[in-house]
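*Asks:* Spelled out from the first residue to the last, the chains are:
Number of protein chains: 2
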Amino acid sequence: MEILNIKKMPPSRILLLFFLVAIFIGSFLLMLPGATTAGNEISYLTSLFTITSAIAVTGLTVVDVSKVFTPMGKSIILIFIQLGGLGIMSFSSLVFLLIGKRITYHERKILKEDLNAESTGEVTDLIKRIIMMVFTIEFIGAIFLTLGFLRRMPLKRAVIYGVFHSVSAFCNAGFSLFSDSLEGYSQNVIINMSVAFLIILGGIGFAVINSSIMYITTSKKRFNLTSKMALFISIILTLVGMGLFLLLEYRNPKTIGEMNLFYKIIASFFQSVTTRTAGFNSVPMGDLTPGTIFLFCILMFIGASPGSTGGGIKTTTFGVIAFYVVGIVRGREDIEVSNRRLSWEILNRALAILVISVAYVSTIILLMLVFDDLGFAETIFEVVSAFGTVGLSMGVTPEMNQFSKVLITITMLIGRLGPLTFALALGEQKQRHARRYPKENILIG
Amino acid sequence: MEILNIKKMPPSRILLLFFLVAIFIGSFLLMLPGATTAGNEISYLTSLFTITSAIAVTGLTVVDVSKVFTPMGKSIILIFIQLGGLGIMSFSSLVFLLIGKRITYHERKILKEDLNAESTGEVTDLIKRIIMMVFTIEFIGAIFLTLGFLRRMPLKRAVIYGVFHSVSAFCNAGFSLFSDSLEGYSQNVIINMSVAFLIILGGIGFAVINSSIMYITTSKKRFNLTSKMALFISIILTLVGMGLFLLLEYRNPKTIGEMNLFYKIIASFFQSVTTRTAGFNSVPMGDLTPGTIFLFCILMFIGASPGSTGGGIKTTTFGVIAFYVVGIVRGREDIEVSNRRLSWEILNRALAILVISVAYVSTIILLMLVFDDLGFAETIFEVVSAFGTVGLSMGVTPEMNQFSKVLITITMLIGRLGPLTFALALGEQKQRHARRYPKENILIG
Ligand SMILES: [K+]
Ligand SMILES: [K+]
Chain A
1003 MEILNIKKMP
1013 PSRILLLFFL
1023 VAIFIGSFLL
1033 MLPGATTAGN
1043 EISYLTSLFT
1053 ITSAIAVTGL
1063 TVVDVSKVFT
1073 PMGKSIILIF
1083 IQLGGLGIMS
1093 FSSLVFLLIG
1103 KRITYHERKI
1113 LKEDLNAEST
1123 GEVTDLIKRI
1133 IMMVFTIEFI
1143 GAIFLTLGFL
1153 RRMPLKRAVI
1163 YGVFHSVSAF
1173 CNAGFSLFSD
1183 SLEGYSQNVI
1193 INMSVAFLII
1203 LGGIGFAVIN
1213 SSIMYITTSK
1223 KRFNLTSKMA
1233 LFISIILTLV
1243 GMGLFLLLEY
1253 RNPKTIGEMN
1263 LFYKIIASFF
1273 QSVTTRTAGF
1283 NSVPMGDLTP
1293 GTIFLFCILM
1303 FIGASPGSTG
1313 GGIKTTTFGV
1323 IAFYVVGIVR
1333 GREDIEVSNR
1343 RLSWEILNRA
1353 LAILVISVAY
1363 VSTIILLMLV
1373 FDDLGFAETI
1383 FEVVSAFGTV
1393 GLSMGVTPEM
1403 NQFSKVLITI
1413 TMLIGRLGPL
1423 TFALALGEQK
1433 QRHARRYPKE
1443 NILIG
Chain B
1003 MEILNIKKMP
1013 PSRILLLFFL
1023 VAIFIGSFLL
1033 MLPGATTAGN
1043 EISYLTSLFT
1053 ITSAIAVTGL
1063 TVVDVSKVFT
1073 PMGKSIILIF
1083 IQLGGLGIMS
1093 FSSLVFLLIG
1103 KRITYHERKI
1113 LKEDLNAEST
1123 GEVTDLIKRI
1133 IMMVFTIEFI
1143 GAIFLTLGFL
1153 RRMPLKRAVI
1163 YGVFHSVSAF
1173 CNAGFSLFSD
1183 SLEGYSQNVI
1193 INMSVAFLII
1203 LGGIGFAVIN
1213 SSIMYITTSK
1223 KRFNLTSKMA
1233 LFISIILTLV
1243 GMGLFLLLEY
1253 RNPKTIGEMN
1263 LFYKIIASFF
1273 QSVTTRTAGF
1283 NSVPMGDLTP
1293 GTIFLFCILM
1303 FIGASPGSTG
1313 GGIKTTTFGV
1323 IAFYVVGIVR
1333 GREDIEVSNR
1343 RLSWEILNRA
1353 LAILVISVAY
1363 VSTIILLMLV
1373 FDDLGFAETI
1383 FEVVSAFGTV
1393 GLSMGVTPEM
1403 NQFSKVLITI
1413 TMLIGRLGPL
1423 TFALALGEQK
1433 QRHARRYPKE
1443 NILIG
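In order, the protein sequence lines correspond to chains A and B. In the numbering used here, each residue carries its 1-based index in the first sequence increased by 1002. In the numbering used here, each residue carries its 1-based index in the second sequence increased by 1002.
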């Protein structure tokens, strides 16, 4: 059983195995009689789809979560969201810490890769800090959201809704207890802003939050390059997304056309933030203009920052490639960012992530277009949303046939593991041929 | 006038300048009173669009070429197709040869880049061989096509149609003298096969044809790596495209659904060959299934082989990246193709071409979706078709607003110059900073 020998496994395979085990357990938990409401029994495929969506913090659903699941079912989903959001690795390290077992070098190596920490020594410390940070932020978020919900519901319900949406937002999961996501709250400033800030904090990555805290509390006044790049690209993408959304939907009566300018701007900001990976929506997706659909596909594909709860190819991957292209145009030999130069190895990994992601997404889109009948734009949107673990949909998720549901389930999982795992595979598994072949040139372009 | 000093210009800029001058002259020629039929006067933008489409061998048209232009107008278009197909550089070298002027090293360098010849010494010889080859193939093609057309029209007209379609097919231009391209001949085997073989010969690249002739006529029994890769990828793409088209459209009554199996296969073969860059169609594009639309976008984007009359990012660029990805999956350190390894520099150029092309195409699609109203799939299809100099359209070309027409005109030109020019720029213009910045790592994926 060579392939089941954990000690010898490449970390990327261990990560995959943990996800598979968690999905397997979760899919049966969600099938328990007490998890669904009367008359709403679900098929195993639906359960599998829902729990994968939860642990991959995607948020796509084939059934209406608010109606189909009991409080118990919703709690299971919430737990798996939290599990996925924290990263199974950091969660399992918590278990290790709790039972007092020292983390071995091998375990630490796995953790390190899930969290993108820079040196092995910091891992234990980092995990503690992450757990603290996550619960602190989610707690504060829950208070604000509870206050927001109190206007329309009694205290107990407002607290439950506050906690659920705080965790779901910070983990960039996009699950909501409302059938229409947050469309009913598109003009509620406190809900919009709380959710947006939870998403931003969850999606910016622990490295940036950590650097920020260090910046404020200690004398270490230097952001590392990853943090700078993540912040820079996140801000640019948020502003560009917000501006284009406002422009494209300004006169669309089905989305923000009939709001006043203030709420138009709030809704545009909210939708720009949430589209990159969180997946809540305050305006209906099926009614967007074609330009917005295309814009959203690009934003969903890029996604959040590394070491965060979000998906996509990551802001830093996009940033490295963008700086490279700018460098080409300016005739530079090095890739220069903020008075530093990047190695070609980093560029090659970034390009490999991009190429493999594009190839994978294109293949799944083609398969779904061939074997299902959901429409051209709808299919592209759905697949990119699943791959970026975003969870937005033009409304076709429940209409998919079984083949498409299986493809989307796999895509959510690969989207969660994917680019990172590929990056690792690139960094680790290279093996030189015993005999190298002679070199030959080839004409391209 | 530093920027107009030809001797100091980078070759890529000279290439651009020649195209611009040719387009400028052609756009006025096409405005001459004798070029258009009575009552069908065209605007300058239409003239500019049409002549750019001709010289970039794209074939997109905002008016019905068969009805709007007189024999003189059609001749102008044909001449510009031939000019574009041969490459303005090889054409200008012909002029040099005819007037007995020796080609200077500087001129040869330009030619070399347009033709992708491997060493400067071969250029003069190569140009002669290209001209010979092109006219020989077009002559033979014209004979077959004339025979095909004779069944439905008198001799004189059949000859004119034969010559026009032979040149247009070999140059992968996609211009047709029929309003519905070759839809009326979807069940005519001789026309289909002649056009398909002209397209294949025109799109496989002179290097491959040259190697093949050497293989047959001399003792030099070795294909170089470029030829092998171009042939291998072309065959794979043709077969995959043919198979998927057959599968996707098998039951579509608006395309091949009502043909018998033999003609279904002929039409699938023809459409697979023509989609990668030629742009003729024997079935209506607007009626394709969404899966076929997506498949065609991928095929159009990849395009033909280098040193050919076709466009796209090129089969070899796609091939280098594909072999790289396969190598990653198999854990190899080198990129290995046919017992040879490729340099990382080649891979970087291929990836740069891909990334810049994707970024450019996405930007144009987004702009057209924002400022025009042609539909999601229609816009993506149109832009990819223009960039790949394919010329297929879902029927929206004449409905575009002025802004879109300008964007598509620019995109046809960039598509013709683009990947090649980028490849050159990458190889040539790199300049090292006086002071290199210190290196820093960044987390991606
Ligand atoms: K999500
Ligand atoms: K063409």
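Don't read these hints as lab results, they were simulated from the structure. From a predicted model like this one, the values you see are computed outputs, not experimental measurements. All C-beta atoms in this analysis are idealised placements derived from N, C-alpha and C, irrespective of residue type, glycine included. Any given hint might turn out to be false.
Just some of the chain A residues that point at chain B, by a computed CB distance under 7 angstroms [what the hints assert, rightly or not]:
(1) Ala-1040
(2) Phe-1141
(3) Phe-1234
(4) Ile-1238
(5) Val-1242
(6) Gly-1293
(7) Val-1357
(8) Leu-1368
(9) Leu-1371
Sample of chain B residues lacking proximity to chain A, with all beta carbon distances greater than 12 angstroms (derived) [claimed, not checked]:
(10) Phe-1026
(11) Leu-1152
(12) Val-1165
(13) Leu-1249
(14) Glu-1260
(15) Leu-1263
(16) Val-1327
(17) Ala-1354
(18) Ala-1361
(19) Ile-1367
*Asks:* Using Cβ atoms only, decide whether Ile-1238/A comes closer than 7 angstroms to chain B, and label the hint accordingly.
*Replies:* Hint on Ile-1238/A: violated, closest Cβ of chain B at ~15 angstroms, above 7 angstroms.
*Asks:* Tell me if the interface restraint on Phe-1141/A is satisfied: Cβ within less than 7 angstroms of some Cβ in chain B.
*Replies:* Violated, because the Cβ-Cβ distance from Phe-1141/A to chain B comes to roughly 28 angstroms (cut-off 7 angstroms).
*Asks:* Minimum Cβ separation between Ile-1367/B and chain A greater than 12 angstroms?
*Replies:* 6 angstroms, violated
*Asks:* Evaluate the condition: distance from the CB of Glu-1260/B to the nearest CB of chain A exceeds 12 angstroms.
*Replies:* Holds: least Cβ distance 21 angstroms, greater than 12 angstroms.
*Asks:* A cut-off of 12 angstroms on Cβ-Cβ distance, and Leu-1249/B was said to be off the interface with chain A. Does that hold?
*Replies:* 7 angstroms, violated
*Asks:* For Val-1327/B, is the shortest CB-to-CB distance to chain A above 12 angstroms, so the non-interface label stands?
*Replies:* Given that some Cβ of chain A is not farther than 12 angstroms from that of Val-1327/B, nearest at about 6 angstroms, it is violated.
*Asks:* Against chain B, is Gly-1293/A within 7 angstroms by beta-carbon distance?
*Replies:* Holds, about 4 angstroms.
*Asks:* Should the label of Leu-1152/B as a non-interface residue stand, given a Cβ cut-off of 12 angstroms to chain A?
*Replies:* 40 angstroms, holds
*Asks:* Regarding the hint that Val-1242/A lies at the interface with chain B, is the smallest CB-CB distance below 7 angstroms?
*Replies:* 11 angstroms, violated
*Asks:* Verify this label for me: Phe-1026/B is non-interface relative to chain A, using a Cβ-Cβ cutoff of 12 angstroms.
*Replies:* 26 angstroms, holds
*Asks:* Confirm or reject the statement that Ala-1354/B sits farther than 12 angstroms, beta carbon to beta carbon, from all of chain A.
*Replies:* 6 angstroms, violated
*Asks:* Verify the interface restraint on Leu-1368/A: the C-beta must sit less than 7 angstroms from at least one C-beta of chain B.
*Replies:* 6 angstroms, holds
Violated hints, in rising order: 1, 2, 3, 4, 5, 13, 16, 17, 18 and 19; the structure is consistent with all others.
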